[in-house]
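Asks: Start from chain A and add chains B and C according to the hints.
Residue numbers (this note's numbering), protein chains in the order written: chain A, 1 to 354; chain B, 1 to 338; chain C, 1 to 144.
One thing to keep in mind: the hints can contain errors.
[To be verified] Chain A stretches covered by chain B per the calculated footprint, using a threshold of three residues with CB under 8 Å from any CB of chain B:
| # | segment |
| --- | --- |
| 1 | 238-244 |
| 2 | 293-305 |
[What the hints assert, rightly or not] Computed list of lysine to aspartate or glutamate pairs in DMTMM-like fashion (alpha-carbon distance at most 20 Å, straight line):
| # | chain 1 | residue 1 | chain 2 | residue 2 |
| --- | --- | --- | --- | --- |
| 3 | B | K255 | C | D135 |
| 4 | B | K334 | C | E127 |
| 5 | B | K255 | A | D264 |
| 6 | B | K206 | C | E102 |
| 7 | B | K255 | A | E74 |
| 8 | C | K116 | B | D330 |
| 9 | A | K301 | B | E71 |
| 10 | B | K255 | A | D261 |
| 11 | B | K119 | A | D332 |
| 12 | A | K23 | A | E191 |
| 13 | B | K255 | A | D72 |
| 14 | B | K255 | A | E35 |
| 15 | C | K136 | B | E205 |
| 16 | A | K301 | B | E70 |
| 17 | B | K334 | C | D115 |
Hints are computed from structural coordinates only; laboratory data are not their basis.
In this text, all values refer to a predicted model and were calculated from it rather than measured experimentally.
Even glycine gets a Cβ: it sits at the ideal position worked out from N, Cα and C.
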Amino acid sequence: MMMVKLPGYEMLIHYLQQGLGEKQVFVPVSEEGKEGHVPLGSLNKVDLAQMTALTFQEKPLRNSIKSLFFPDTETYLTYRKEEGRMVMETPGEMMSQILVGAKACDLESLNLIDRVFLADPVDTLYAEKRAKTLILAAPCRQQGTYCRCESFGVDRINPAADVTMYQETADAAEPLYLKSLTPAGETFLEEMMKCGTEGEAVAVTEIPWQAVPPGEKPLSPQEVKDQMDTLFEHPLWEELAMRCLGCATCTYYCPTCHCYDIRDFSRQGQEAGERYRTWDSCMFTSFTNMAGGHNPRPHRKDRIQNRFFHKLNYFVKKQGPLACVGCGRCGDACPVGISMDTVLNRIGGDRHDA
Amino acid sequence: MQSIMASITQSIQQTAAALLAAGEVDLVLGYTRGERPHQSVPFVATTPAAAAQLHWDPFCEKALAPYLMEESYQNKRVAVVMKGCDARALRLMISESRVDREKLVVLGVQCQGMIPREKLEAAAGEPLHQLTLTWQSEGVELTGRKGSQTLSYEAVLSPFCLTCQHATPAVTEVDQIIAGSGEKALVKGKNIPPKEAFSDIETIEKMGAEERHAFWMQQLNRCIRCYSCRNACPVCTCRSCIFDRENPDYLDAAKNQPAQHQFYHVIRAFHVADRCVGCGECARVCPEGIPLHLLNQKLIQDLTQHYGAFTPGVDEVPNPLSCAGAHEVDPFGKEAKK
Amino acid sequence: MMNEIYEPKIVAFCCNWCSYAGADLAGTGRLKYPENIRIIRVPCSSRVEVAMILRAFQNGADGVLIAGCHPGDCHYDTGNYHTRKRIHLLTSLMDFMGLSPERLWLRWISGNEADKFQATVTAFTQELRAMGASDKVRDLRCSR
Chain A
1 MMMVKLPGYE
11 MLIHYLQQGL
21 GEKQVFVPVS
31 EEGKEGHVPL
41 GSLNKVDLAQ
51 MTALTFQEKP
61 LRNSIKSLFF
71 PDTETYLTYR
81 KEEGRMVMET
91 PGEMMSQILV
101 GAKACDLESL
111 NLIDRVFLAD
121 PVDTLYAEKR
131 AKTLILAAPC
141 RQQGTYCRCE
151 SFGVDRINPA
161 ADVTMYQETA
171 DAAEPLYLKS
181 LTPAGETFLE
191 EMMKCGTEGE
201 AVAVTEIPWQ
211 AVPPGEKPLS
221 PQEVKDQMDT
231 LFEHPLWEEL
241 AMRCLGCATC
251 TYYCPTCHCY
261 DIRDFSRQGQ
271 EAGERYRTWD
281 SCMFTSFTNM
291 AGGHNPRPHR
301 KDRIQNRFFH
311 KLNYFVKKQG
321 PLACVGCGRC
331 GDACPVGISM
341 DTVLNRIGGD
351 RHDA
Chain B
1 MQSIMASITQ
11 SIQQTAAALL
21 AAGEVDLVLG
31 YTRGERPHQS
41 VPFVATTPAA
51 AAQLHWDPFC
61 EKALAPYLME
71 ESYQNKRVAV
81 VMKGCDARAL
91 RLMISESRVD
101 REKLVVLGVQ
111 CQGMIPREKL
121 EAAAGEPLHQ
131 LTLTWQSEGV
141 ELTGRKGSQT
151 LSYEAVLSPF
161 CLTCQHATPA
171 VTEVDQIIAG
181 SGEKALVKGK
191 NIPPKEAFSD
201 IETIEKMGAE
211 ERHAFWMQQL
221 NRCIRCYSCR
231 NACPVCTCRS
241 CIFDRENPDY
251 LDAAKNQPAQ
261 HQFYHVIRAF
271 HVADRCVGCG
281 ECARVCPEGI
291 PLHLLNQKLI
301 QDLTQHYGAF
311 TPGVDEVPNP
321 LSCAGAHEVD
331 PFGKEAKK
Chain C
1 MMNEIYEPKI
11 VAFCCNWCSY
21 AGADLAGTGR
31 LKYPENIRII
41 RVPCSSRVEV
51 AMILRAFQNG
61 ADGVLIAGCH
71 PGDCHYDTGN
81 YHTRKRIHLL
91 TSLMDFMGLS
101 PERLWLRWIS
111 GNEADKFQAT
121 VTAFTQELRA
131 MGASDKVRDL
141 RCSR
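Looking at chain A on its own, in the form it has when it is part of the complex (with noise of 0.2 Å):
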């Protein structure tokens, strides 16, 4: 482990851009309405008391970050026709990545989604991602207002990132400091110690910053799934079926979602074309389409249902933990306010009342 003090996040940007030629960098950005990590290279500007105040605020970006190891859209082949043969490549490899200003319960959506992509048969374009891409972390003072990790069990102190940033108060000007977590973030800062920071950046022992201790206690996985199974008929699903609009936005935006589905692009007249995938939403009625017609979802009641068992239930029985870090992405975007907490505060009785 080894821990350094830069005079502010400045320092960090600066060296960061020095190495953009080899590294792709995501930092956190808000521009009209849409919040979340974009290149350092495209900014035509840097707006470094914005991208602090995003890095230290008490909840993760609107758009999780999972788009930069899954992305919306990804081709796996491209084909076409060459002298009479069918002449497939796949992409190429990727340029590392280092992303700037996590949270805590980004990085626990990344082990969820781990489990299942990382799993045999491995997903290698996500694989590759994942290998390739160092995470800056920062961690959380207080658990945000509409946030719910503690109840999720996400450690929202100590993110499991390869580096920690930490500042006393979120201003630019504040002294920055780093803390490393894995052998990458080790060489990381060494790195930085080394070129373009001499004498700005110094190893420290400690590191002033303190946080509020978590204040609840974190949901057991296997009650919700126990309690989960007694409510497969209960009146709530079509409930909420009656006020769901059956868009996408929740599964969109939701951290640990990842269905998704695979198309090939090609037209008529032209011997090329590509296999692609895009993300898919267990919410729309063609998800669960089969050849020949058949739904086995056909009401929405039965779409929304699935998305919350999924979440609570499938996964805790193959996976062990929840599919929801309490990040409260899926409140936050939602057309008409259904939530985690609508659930959860309904099948919790007294217990979780908010």
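Replies: What follows is chains B and C alone, placed relative to chain A:
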């Protein structure tokens, strides 16, 4: 103003409870308080006791008309709380045989205009959960940690409501008007012309073609194809949507192709061009904050300018794009005058 | 390469009763017009919906021509009035979105106006050549 919100709420609750108790309807579709501060969400009451959860305030934005076409509402007698824009959409749905008016009890509310939560938060300069609101006659009084301030309704109301001419549903369209008592409206008889409320349109029109293209590319490229704009729209009433078809080659969900986003958004705007009731749901529900309503408002402005004013859901059908005649302008004759 | 003339692709939707006959007459009358055009016969110009136009652009068309009967001459009485209104609005919306509305033409060509058909296609081809290729409405996965 507190009195009118409270009295409308009370009146909705009483009417709903009476309808349910008498067995005249199977359910009442209205609004209740959401989990987030100053949020109201759609709510279905099926028992007289549940009617006490019905609520009315300037956050009841969600258009309720689209629900009436959903499977869960079929073969049921439904009472529905409706704002002016919703009632206009309902009238279109009836004229298109999408719903059976006989099975509906429409409770028209004297709508005072809706307040977008983000707009309120931005104007207040403080997170919503820290704010207590009091409806005064001259504006909304916000009490937060930074003290207390009063904002005029013009400053916080949705631009759609500022231009709205039909806030209260027409008496002929509803079974009952729920007016409430107290001050009449948040914006007292002040209607801002659409050109002023949607000044972005003029700004965009003044840009050069390349700049306009760049602007819309930036906006539309954010689209994640969640289809919430389509699903929330009270006049998007096709039973089966072109975008739900399986794999036609010109329609796919590749999100790295601007042409695919353009295709979706042009078609969406066009399909409701002459039926848009200006409720603003498309822009409100968009999680990426794409100003989709500008496309529709632009089409409305063009229709009005070239083919005369038409108010969908108020004026008699046929709608402007369902009829055409010799008397209309011909921009394509004489080898398309430049 | 620099001096090579760009040959645009034009998709033309021709109404069965007038414009298609006009194109036919141009053929039998041996009136030469640029081969950049691909004609699709439609029962009426009003059959052409917005999706068809955008789809043509998406697939790599540089221009879309819709040709119908002169106002007042529609085989179905009012079909071309609908076309006129729809394309008028679409042109305006495309302009608003910066999507090169000058690449979409609607013209009235009757069954005996072979010369007008020839002139229209020639003029459109020339204008599109001058404009060159555009990626604004094209699905980039399609070759031109």
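Asks: Now tell me if each hint is right for this structure.
Replies: Each hint tested on the structure:
no. : hint              : result
1   : 238-244           : holds (count 5)
2   : 293-305           : holds (count 3)
3   : B:K255 <-> C:D135 : holds (16 Å)
4   : B:K334 <-> C:E127 : holds (17 Å)
5   : B:K255 <-> A:D264 : holds (14 Å)
6   : B:K206 <-> C:E102 : holds (18 Å)
7   : B:K255 <-> A:E74  : holds (9 Å)
8   : C:K116 <-> B:D330 : holds (18 Å)
9   : A:K301 <-> B:E71  : holds (10 Å)
10  : B:K255 <-> A:D261 : holds (13 Å)
11  : B:K119 <-> A:D332 : holds (15 Å)
12  : A:K23 <-> A:E191  : holds (14 Å)
13  : B:K255 <-> A:D72  : holds (7 Å)
14  : B:K255 <-> A:E35  : holds (18 Å)
15  : C:K136 <-> B:E205 : holds (18 Å)
16  : A:K301 <-> B:E70  : holds (11 Å)
17  : B:K334 <-> C:D115 : holds (15 Å)
Of the numbered hints stated above, none is contradicted by the structure.
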